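Trainee: One-letter residues, chain by chain:
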Amino acid sequence: MRRHPLLPLGYFACAAVAFLLAAMGSVWLASDMAGHYYHPRLLALTHLVTLGWITVAIMGASYQLVPVVLERPIWSERLAGWQLAVMAVAVAGMVSHFALGTGLGLASAAGLLAVGIALHLLNVGLTFRRVTRWTFTARLILLGHGGLTLTTLFGVTLAFNRVWRFLPDDFFPILHAHLLLALFGWVAPMVLGVSARIYPMFLLTPEPSLTVSRVQLWSLTLGVPSVVLGVMDRPPLLALGGFALALTAGSHAASILDMVRGRKRPQLDWSVRFVVTATAFLLPAAVVGLGLAVNFLAGPRPALAFAVLLLGGWISLTIVGMMLKVVPFLVWSRVYGPRAGREPVPTLAQLCWPRAESLAYALLVSGIGLLGATVWLGDVVWIRGAGAVVALGALAFATALARILGHLRSGGVVHVEAHAR
Amino acid sequence: MERPWPLTDLPEARRVHLDVREEIRAGREPFIRIMTAVKALGADQVLVLRAPFEPLPLYEVLGRRGFAHWTERADPDDWSVWFFRDAEPVSAPTPGPATPARDARVVLDVRGLEPPHPMVRVLQAAERLPLGSVLEVRHERRPIFLYPQLDERGFDHETDEPEPGLVRILIRRREARA
Numbered sequence: 001m002r003r004h005p006l007l008p009l010g011y012f013a014c015a016a017v018a019f020l021l022a023a024m025g026s027v028w029l030a031s032d033m034a035g036h037y038y039h040p041r042l043l044a045l046t047h048l049v050t051l052g053w054i055t056v057a058i059m060g061a062s063y064q065l066v067p068v069v070l071e072r073p074i075w076s077e078r079l080a081g082w083q084l085a086v087m088a089v090a091v092a093g094m095v096s097h098f099a100l101g102t103g104l105g106l107a108s109a110a111g112l113l114a115v116g117i118a119l120h121l122l123n124v125g126l127t128f129r130r131v132t133r134w135t136f137t138a139r140l141i142l143l144g145h146g147g148l149t150l151t152t153l154f155g156v157t158l159a160f161n162r163v164w165r166f167l168p169d170d171f172f173p174i175l176h177a178h179l180l181l182a183l184f185g186w187v188a189p190m191v192l193g194v195s196a197r198i199y200p201m202f203l204l205t206p207e208p209s210l211t212v213s214r215v216q217l218w219s220l221t222l223g224v225p226s227v228v229l230g231v232m233d234r235p236p237l238l239a240l241g242g243f244a245l246a247l248t249a250g251s252h253a254a255s256i257l258d259m260v261r262g263r264k265r266p267q268l269d270w271s272v273r274f275v276v277t278a279t280a281f282l283l284p285a286a287v288v289g290l291g292l293a294v295n296f297l298a299g300p301r302p303a304l305a306f307a308v309l310l311l312g313g314w315i316s317l318t319i320v321g322m323m324l325k326v327v328p329f330l331v332w333s334r335v336y337g338p339r340a341g342r343e344p345v346p347t348l349a350q351l352c353w354p355r356a357e358s359l360a361y362a363l364l365v366s367g368i369g370l371l372g373a374t375v376w377l378g379d380v381v382w383i384r385g386a387g388a389v390v391a392l393g394a395l396a397f398a399t400a401l402a403r404i405l406g407h408l409r410s411g412g413v414v415h416v417e418a419h420a421r
Numbered sequence: 001m002e003r004p005w006p007l008t009d010l011p012e013a014r015r016v017h018l019d020v021r022e023e024i025r026a027g028r029e030p031f032i033r034i035m036t037a038v039k040a041l042g043a044d045q046v047l048v049l050r051a052p053f054e055p056l057p058l059y060e061v062l063g064r065r066g067f068a069h070w071t072e073r074a075d076p077d078d079w080s081v082w083f084f085r086d087a088e089p090v091s092a093p094t095p096g097p098a099t100p101a102r103d104a105r106v107v108l109d110v111r112g113l114e115p116p117h118p119m120v121r122v123l124q125a126a127e128r129l130p131l132g133s134v135l136e137v138r139h140e141r142r143p144i145f146l147y148p149q150l151d152e153r154g155f156d157h158e159t160d161e162p163e164p165g166l167v168r169i170l171i172r173r174r175e176a177r178a
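Protein chains in written order, with the working numbering: chain P, 1 to 421; chain A, 1 to 178.
Hints are not guaranteed to be accurate.
To be verified - If we take Cβ atoms under 8 Å as the criterion, some of the chain P residues that face chain A in the derived model are:
# : residue
1 : 67
2 : 71
3 : 201
4 : 202
5 : 329
6 : 332
7 : 334
8 : 340
9 : 342
Bear in mind the hints are in silico, worked out from the structure with no lab data behind them.
Source: prediction; values computed, not measured.
Where a beta carbon is used, it is the ideal one built from N, C-alpha and C, also for glycine.
For reference, chain P alone in the conformation it holds in the complex (with noise of 0.2 Å):
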């Protein structure tokens, strides 16, 4: 079985590039993010973060994650690469076609990206055929890919619906169904799954108890069903399912709080400090989310803010963190792992740049939090103030990571001979 880590890595470079078009972009749209969230150019937004940048980044971690959860090869490293490509272009063709308002070409965008997200369900898919342990991460992975098949479907009913239109005038409900089920039904259960095995591994401490995963995996499976029911037709379901989500989040936070307090690795490095902040964020987004479930709050300024904290504090900060253990990981593992044992190599923490990451958990955290805040406020110059600090913190991410894939290119020539002398 032959491994290239550059298939990953591909993926979290096309996923960061996204980020920080999407971070720039949040400093050019404040004035439209001072408005409702259904204008074009914020959709347009919306997706280049939540498929250029998380959903590409996830799919990657999948291709590098799942052969280590599942303790199987990945069925073909080939049709990932093609599915890069295909992604490539239609999430592309998405953003601009949202921004430009273009009916026929948003649908032609949609089917390309359906048809790259079948080529990835077909390689998890048939990559879990062989599996024989069915561990909650596995179960997970699982759930989250059954989202992501739904998750595709509502948004291409609603991209062919610009066209041929054949949906109620009211296509509201399916739209927020589609952003919900994107968030808790891909996304939540990916960045579970894949925490409740990845960070034991790295903060060296015990996996999450069966009793934790068992709350986190249930609440799931009864949350993510009720609040989409919930806002397309049966309003009561949906504080059920807020609740339940809720539940989901705090015992997540609880379990990761379990790990650090538990790590027998004393120092956390600014990849852990990361993901600690991001789950952070899941208070104060879920006490708005539980705000919106039961109509203690309503309209699109809070439902920005919830989005806000729950794209850009929980998910991305959680991807930066990860993306910060990965990269060198893959990196190493690509120019070093043939030299072990054979030469002096360096460590994953000189492969890093501790000063941009430092820099970047400043910038991104305090941004996120700041835009989370002025866009509930709905004040312009303070959204793009935010949106500025949130931009140069995604700079500083993208450049150590810039500063990671280097290695590639030397071959870590440079640094072996640092290391001799």
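Since chain P is already given, all that's left is putting chain A on it; use the hints.
Mentor: Same frame as chain P, now just chain A:
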């Protein structure tokens, strides 16, 4: 956990005991004393270090000097870590010649190490493995990234899970086919 081969039936004369619990509780740094003891170790001696917590940073420091470790915990604040020279072929404790035999077995426990240290330690030990000997690696999980490296370097390997939380990988140098 079962004691690794190099430590089974180890005579007391080959054990060097060092207790740093009081020193750490008094707020003093025992690192220099530990390293002095390590430097003074004879070729066949083992350092038995007692500490009030698991001394994780030492695993890496001494690992780079070719020491493997085996850890026991008597109480939450009483840890004994046995540091022994790693990847020296140690024959099974049966009567026989002192030189490594074809069936010599080297045990390497890489549990509790952060990636990619387990891979580095295993590949270092594998590269020094004589033909006919076996490297027994004790791991927390199946090392998916290690297998391709072993395949490319001409090692056969087989993995089993004798108990929950313990993955055992047996590695042998592939014999040249006639």
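Trainee: Now tell me if each hint is right for this structure.
Mentor: Evaluation of the provided hints:
1. 67: 5 Å, holds
2. 71: 5 Å, holds
3. 201: 6 Å, holds
4. 202: 6 Å, holds
5. 329: 6 Å, holds
6. 332: 6 Å, holds
7. 334: 11 Å, violated
8. 340: Holds - the Cβ of residue 340 of chain P comes within 8 Å of chain A, reaching about 5 Å at its closest.
9. 342: Since the shortest Cβ distance to chain A is 6 Å, the answer is holds.
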